[in-house]
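Chains as they are written, first to last, in the numbering used here: chain A, 1 to 201; chain B, 202 to 402; chain C, 403 to 603.
These aren't lab readings, by the way, just hints derived from the structure by calculation. These figures come from a predicted structure and were not determined experimentally. Built from N, CA and C at the ideal position, the CB exists for glycine as well. Errors might be hidden in some of the hints.
Stated by the list, open to error - When the alpha-carbon atoms are kept at most 16 Å apart in a straight line, the in silico EDC-like pairs for lysine to aspartate or glutamate are as follows: (1) B:399 to C:429; (2) B:401 to C:486; (3) C:600 to A:27; (4) B:282 to B:228; (5) C:510 to C:573; (6) C:602 to A:27; (7) C:602 to A:84; (8) B:401 to C:429; (9) C:483 to C:429; (10) A:198 to B:228; (11) A:200 to B:285; (12) A:200 to B:228; (13) C:510 to C:455.
Said to hold, decoys possible - Example chain B residues on the side facing chain A (calculated, C-beta under 7 Å, incomplete): (14) 224; (15) 230; (16) 233; (17) 234.
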Amino acid sequence: MDLIYILDLTGTFVFAISGIRMAARNDMDIFGASVIGFVTAIGGGTVRDLLLDNHPITWMSDMSYPIVILAALPFTYLAGKKLDNFTNTLFIFDTIGIALFTMTGMEKALSFGFNPFIAGTMGMISAVVGGVIRDILCREIPLIFRKEIYATACLTGAVVFYLGIYSGLPENLNYLLTTAVIIIIRTVAIRKNLSLPKMKA
Amino acid sequence: MDLIYILDLTGTFVFAISGIRMAARNDMDIFGASVIGFVTAIGGGTVRDLLLDNHPITWMSDMSYPIVILAALPFTYLAGKKLDNFTNTLFIFDTIGIALFTMTGMEKALSFGFNPFIAGTMGMISAVVGGVIRDILCREIPLIFRKEIYATACLTGAVVFYLGIYSGLPENLNYLLTTAVIIIIRTVAIRKNLSLPKMKA
Amino acid sequence: MDLIYILDLTGTFVFAISGIRMAARNDMDIFGASVIGFVTAIGGGTVRDLLLDNHPITWMSDMSYPIVILAALPFTYLAGKKLDNFTNTLFIFDTIGIALFTMTGMEKALSFGFNPFIAGTMGMISAVVGGVIRDILCREIPLIFRKEIYATACLTGAVVFYLGIYSGLPENLNYLLTTAVIIIIRTVAIRKNLSLPKMKA
Chain A
1 MDLIYILDLT GTFVFAISGI RMAARNDMDI FGASVIGFVT AIGGGTVRDL LLDNHPITWM
61 SDMSYPIVIL AALPFTYLAG KKLDNFTNTL FIFDTIGIAL FTMTGMEKAL SFGFNPFIAG
121 TMGMISAVVG GVIRDILCRE IPLIFRKEIY ATACLTGAVV FYLGIYSGLP ENLNYLLTTA
181 VIIIIRTVAI RKNLSLPKMK A
Chain B
202 MDLIYILDLT GTFVFAISGI RMAARNDMDI FGASVIGFVT AIGGGTVRDL LLDNHPITWM
262 SDMSYPIVIL AALPFTYLAG KKLDNFTNTL FIFDTIGIAL FTMTGMEKAL SFGFNPFIAG
322 TMGMISAVVG GVIRDILCRE IPLIFRKEIY ATACLTGAVV FYLGIYSGLP ENLNYLLTTA
382 VIIIIRTVAI RKNLSLPKMK A
Chain C
403 MDLIYILDLT GTFVFAISGI RMAARNDMDI FGASVIGFVT AIGGGTVRDL LLDNHPITWM
463 SDMSYPIVIL AALPFTYLAG KKLDNFTNTL FIFDTIGIAL FTMTGMEKAL SFGFNPFIAG
523 TMGMISAVVG GVIRDILCRE IPLIFRKEIY ATACLTGAVV FYLGIYSGLP ENLNYLLTTA
583 VIIIIRTVAI RKNLSLPKMK A
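Between the sequences and the hints, there should be enough to build the whole structure, so can you do that?
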């Protein structure tokens, strides 16, 4: 459980970095960048908590989240373009973040008594809504609607995670397996340039 | 009541189709299209439920809504351009959807003890917010702010519906009358190309 | 307290005007303009109330807010371009609105038992989210991310206000002091064309 918490904070940190970097590319000042970083990191979990009526909202009752997000600002500022050399590392942590947000979102929804479909939806909302808000605020076409593998990986991960719960897999093993599946899907999809068929107009 | 429920699901189905078709025109893949369809269909009711503190959110506790929305994806995919031949039919169902969302939203707000003005606002939120989110996600200028008749029809319908309640009209008759008024306003406005005056800059 | 309530309504009125005027510049009709005015005026407080689980939402239980907002429509319509001559007056009231929304948002969050950081965040959300939604609906780049002084003023005001509470300053004096600080920061920043450093891309 401690490991999961640390990874969850790591995912939050990496999500905040992705928001701050997009803000920087959009020529924002440091304040605007921190706001975008904040919203990217907590947006998904906040919408999930509101939908589940889960109060207080996670980041409002555990200061570790705001602290980690605030720390991402000087980190990104100082690291600057050097972060470009760590694209693969950021990608791995980003994917771990997605995986963890999907799984913790699902667990929370299941603990509220919702069925697996709703739980999977809540998991995906936790994982992707922050990025969607970031893209809207920066006036970019939401990445999730262009690179669907992001969401497809979540969806597959959600199915694997639920099957793990259903079949009584130990929680830690289930976390590990689901994360591995999500990482593999995203990596293979990017390497092989896979994508879902377009919807016909 | 059964008829109203069926019509409500029909409205949900048609709203989902409108989201999926706009996503297709924006070159999205089938996953992005389902998300847009989902958000278009449940966005208004979700915001209404959050504002009213009505938990669990309607579509999270009645799987008929997600199922109807998911069914809209293969339907739209298979129907494809043929749907263009049914523009009038889709328009009628879309208008019935608007009318029903307005009325059920109002009834819910009134049952929570809110006054008619707030109830009317909740009705309109139920009817239009899904489309506004759809337009923002697809980066189009929200239709409601360009074709105000959509919203004006809701507003007039809300007034008629409340007068019906106030004057003790039987519920089914009130539903029928309000829906008729909304259909007539939208149809006449489109035929005659009516619109409200512009706001001066 | 009565004075604060009146100023709060004044801030609401001025926020509504700013929404209506932006809608007019975007060629919307009077209905779209009222919706934008409404959302601009109540958006921040609504998100704050949802995050705090503060039900009923303020404007849903006190009709003074909707009435003041509705009154802004004919006012803006009739005043028209003449309002351009009152830019400074509008600016002062807008700044008072920001200051008051920041402070009342903070007080509400503190009364719910949240810490000063969360309270400050709620104060800023109350003050800026309405404008952000307005800008998104009008497809403009959110002003707050371009003219950061707006948000920096809020942030500084939040710090001053909390220090005032912490040091036992009488409430009215604290309101006055915080508002003065916010007005001074915004005025000086605009006069001297000050801004925060850009985030490096």
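Results of checking the hints against the structure:
1. B:399 to C:429: It holds: about 7 Å lies between the C-alpha atoms, which stays within 16 Å.
2. B:401 to C:486: Given pair residue 401 of chain B, residue 486 of chain C holds - Cα atoms ~13 Å apart, limit 16 Å.
3. C:600 to A:27: holds, 7 Å
4. B:282 to B:228: holds, 15 Å
5. C:510 to C:573: holds, 14 Å
6. C:602 to A:27: holds, 8 Å
7. C:602 to A:84: holds, 13 Å
8. B:401 to C:429: holds, 8 Å
9. C:483 to C:429: holds, 15 Å
10. A:198 to B:228: holds, 7 Å
11. A:200 to B:285: holds, 13 Å
12. A:200 to B:228: OK: residue 200 of chain A and residue 228 of chain B at ~8 Å, within 16 Å.
13. C:510 to C:455: holds, 11 Å
14. 224: holds, 6 Å
15. 230: holds, 4 Å
16. 233: Result: holds, 4 Å to nearest chain A Cβ.
17. 234: holds, 4 Å
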